[in-house]
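Asks: Chain by chain, the residues run as shown.
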Amino acid sequence: MSTSGQHSRFAPDRGLTGRMVTTMFLIGLVYVGFTGLLIVLLRGAWPLIVLISGGLFVAQFWFSDKITERAMGAHEVTAEQYPQLHGTIDRLCALADMPKPRVAVAVNDMPNAFATGRKPEKSVVCVTTGLLRRLDPEELEGVLAHELSHVAHRDVAVMTIAGFLGVLAGAMTRIALYGGMMGGNRNSNDSNAAIAMIIIPLASMVVYALSFLLTRLLSRYRELAADRAAAQLTGRPSALASALTKVTGQIAAIPSKDLRQAQPYNAFYFAPALSARDAATQLFSTHPSLEQRLAQLAKISGELGH
Amino acid sequence: MGFLDALLGRSKPVKPDLDQLFGVPSAALTLEAAAGFRPTGLGSVCFAAVEGGAFAEVERQVRALLDADTPSGGVPVEASQDAYGYSWLLARHSPEQLPELVNDLHAVNSELEGNGFGPQLLCSLVGFRNEAGQPLALVYLYKRGAFYPFAPMPSGGEKRNSPLELQVRAMLGNDLRLEQDLSRWFPVWGAPGL
Chain X
1 MSTSGQHSRF
11 APDRGLTGRM
21 VTTMFLIGLV
31 YVGFTGLLIV
41 LLRGAWPLIV
51 LISGGLFVAQ
61 FWFSDKITER
71 AMGAHEVTAE
81 QYPQLHGTID
91 RLCALADMPK
101 PRVAVAVNDM
111 PNAFATGRKP
121 EKSVVCVTTG
131 LLRRLDPEEL
141 EGVLAHELSH
151 VAHRDVAVMT
161 IAGFLGVLAG
171 AMTRIALYGG
181 MMGGNRNSND
191 SNAAIAMIII
201 PLASMVVYAL
211 SFLLTRLLSR
221 YRELAADRAA
231 AQLTGRPSAL
241 ASALTKVTGQ
251 IAAIPSKDLR
261 QAQPYNAFYF
271 APALSARDAA
281 TQLFSTHPSL
291 EQRLAQLAKI
301 SGELGH
Chain G
307 MGFLDALLGR
317 SKPVKPDLDQ
327 LFGVPSAALT
337 LEAAAGFRPT
347 GLGSVCFAAV
357 EGGAFAEVER
367 QVRALLDADT
377 PSGGVPVEAS
387 QDAYGYSWLL
397 ARHSPEQLPE
407 LVNDLHAVNS
417 ELEGNGFGPQ
427 LLCSLVGFRN
437 EAGQPLALVY
447 LYKRGAFYPF
457 APMPSGGEKR
467 NSPLELQVRA
477 MLGNDLRLEQ
487 DLSRWFPVWG
497 APGL
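Chains as they are written, first to last, in my numbering: chain X, 1 to 306; chain G, 307 to 500.
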């Protein structure tokens with residue numbers, strides 16, 4: 001049977017793709033610039049620094065599933081323990097033609113979900129008991145489709161690579177400051193070394209700030225892309241929208257101690273534990289605002305209607 | 307999904323493979339000869355319903371198409387929704403009319419696909435049963451273009467008769483394209499047509 005001439009119900013969002021490409025390009029540009037600066041200023045010492053931070057990076061990337069799982073107190077569950085959760089993921093994976101990730105549950109009343117793992121075969125999808133308690137089956141499906149889209153888009157790999165620059169810049173600042181103190185006692189007659197000691201921490205700080213803003217921007221675009229893919233997969237953008245309103249609304253009402261605890265893992269979460277209030281906070285946020293996400297889903301829902 | 311699509315976060319809906327369904331009648335002969343399983347005449351299609359008027363309209367068309375033979379003695383299709391929110395259409399024929407049943411199932415598929423809802427197709431089921439009352443379904447995964455056997459224990463409860471499923475897999479290797487990855491043989495408890 002011929003499938004030619006068959007139309008898809010889902011229009012691609014070229015604007016989103018374009019913004020994402022631009023952001024990735026800028027991150028790459030900062031990368032190249034910073035690496036060049038390090039090579040010029042550090043001469044012989046740079047391979048060692050790159051090696052150390054590279055090792056950290058590989059470890060973080062390689063064990064991302066285990067690290068996040070352990071940090072969030074998630075444990076893998078069987079189909080007998082959570083038949084509905086497993087069944088929903090089974091069906092979504094069959095719809096999307098992707099391998100089934102491991103399924104984990106974290107005992108935590110804060111409603112949330114995350115996906116982690118460096119590649120689809122190794123990934124874990126985790127939901128909190130608070131999420132399971134609050135959402136309807138259709139809303140849960142929307143949230144799980146969003147997480148599976150993160151897996152399909154390899155967002156852990158993309159965000160780890162994008163975020164590594166920040167880690168490197170942070171490490172450089174510390175090493176340079178430490179090295180400056182140590183070197184001060186011995187031979188300070190090399191003027192080049194003295195300049196390097198001043199420029200490296202300064203440049204590192206600037207690079208850190210830049211890469212921080214850019215990765216947050218990229219993260220927001222990836223979230224929108226995952227929302228979009230989830231809506232296409234389930235065909236029910238409104239169920240996902242409804243889940244979003246429930247989840248973000250609940251988070252605002254939870255005491256701040258838990259929120260601070262959860263903060264480092266925001267990037268991999270379905271909805272961030274801190275709600276952004278205004279434009280300034282939005283700039284530092286890992287997730288787009290609720291209004292922005294709802295607007296996109298409403299648009300897709302409109303496209304599906306006719 | 308390609309590298310670029312992953313990098314740009316634009317996963318595309320996967321298109322279904324509809325053609326393999328027509329291998330079911332020959333597989334049914336093998337099943338009966340080798341294991342004593344006969345078709346029940348029940349078959350169903352499962353799809354993820356899309357919100358909005360367009361999909362509801364297509365769903366109406368599909369049902370009208372399948373019920374076209376009702377005045378001449380055909381049994382109307384039964385529509386239902388499962389606990390996961392997926393829609394099922396159950397077609398009934400006599401056990402001998404397996405080719406007609408497969409045609410019905412294919413009509414649902416091509417109608418959905420023709421209207422741009424092909425990616426919503428999840429799976430299709432054709433039911434079998436042996437003398438001892440053991441149910442068996444051949445489940446067709448549209449996105450994989452492959453079948454797998456699903457045999458719940460007749461005693462009830464959510465237990466699979468895995469030895470039987472593996473036996474059927476060994477039996478049908480020549481008749482149908484079978485799903486080799488066992489982790490994709492997801493259970494469809496209580497599915498219409500079992």
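Worth flagging that the hints you see were computed from the coordinates, not collected in a lab. Fair warning: this is a prediction, and the values are worked out from it, not measured in the lab. All C-beta atoms in this analysis are idealised placements derived from N, C-alpha and C, irrespective of residue type, glycine included. Check each hint, because a few of them may be wrong.
[Said to hold, decoys possible] Capping the alpha-carbon separation at 20 Å, the derived lysine to any residue pairs in SDA-like fashion look like this:
no., chain 1, residue 1, chain 2, residue 2
1, X, K119, G, D311
2, X, K122, G, A312
3, G, K321, G, A452
4, G, K465, X, K122
5, X, K122, X, E76
6, G, K465, X, K299
7, X, K299, X, R19
[Said to hold, decoys possible] Where chain G lies over chain X, by a calculated footprint (3+ residues, C-beta under 8 Å):
no., segment
8, 17-23
9, 34-40
10, 89-103
11, 145-159
12, 216-226
13, 232-240
14, 299-305
Asks: Hint by hint, note whether the structure agrees.
Replies: Hint check:
1. As the CA atoms of X/K119 and G/D311 are separated by approximately 15 Å, the hinted pair is consistent with the 20 Å bound.
2. Among the hinted pairs, X/K122 with G/A312 is consistent with the structure: their alpha-carbon atoms are about 16 Å apart, no more than 20 Å.
3. At roughly 14 Å between alpha-carbon atoms, G/K321 and G/A452 fall within 20 Å of each other, so this suggested pair holds.
4. A threshold of 20 Å between alpha carbons decides the hint, and for G/K465 with X/K122 the separation of about 27 Å lies outside it, so the pair is violated.
5. Using a Cα cut-off of 20 Å, the hinted pair X/K122 and X/E76 holds, with the two alpha carbons roughly 13 Å apart.
6. Taking the CA atoms of G/K465 and X/K299, the gap is near 43 Å; set against the 20 Å cutoff, the hint is violated.
7. A distance of roughly 18 Å separates the Cα atoms of X/K299 and X/R19; the hinted pair therefore holds under the 20 Å criterion.
8. For the segment 17-23 of chain X, the stated coverage by chain G holds: 3 residues have a C-beta nearer than 8 Å to a C-beta of that chain, and at least 3 were required.
9. Only residues whose beta carbon comes within less than 8 Å of a beta carbon in chain G count, and the segment 34-40 of chain X has 0; fewer than three means the coverage is violated.
10. Residues of the segment 89-103 of chain X lying with their CB closer than 8 Å to a CB of chain G number 9, which satisfies the three-residue condition for coverage.
11. With 6 residues having a beta carbon nearer than 8 Å to a beta carbon of chain G, the segment 145-159 of chain X meets the requirement of three or more and the stated coverage holds.
12. Counting residues of the segment 216-226 of chain X whose C-beta sits closer than 8 Å to any C-beta of chain G gives 4, which meets the bar of three, so the coverage hint holds.
13. Proximity of the segment 232-240 of chain X to chain G, defined as three or more residues with a beta carbon under 8 Å from a beta carbon of that chain, is established by the 8 residues found.
14. Proximity of the segment 299-305 of chain X to chain G, defined as three or more residues with a beta carbon under 8 Å from a beta carbon of that chain, is established by the 3 residues found.
The structure is inconsistent with the numbered hints 4, 6, 9, although it conforms to all the rest.
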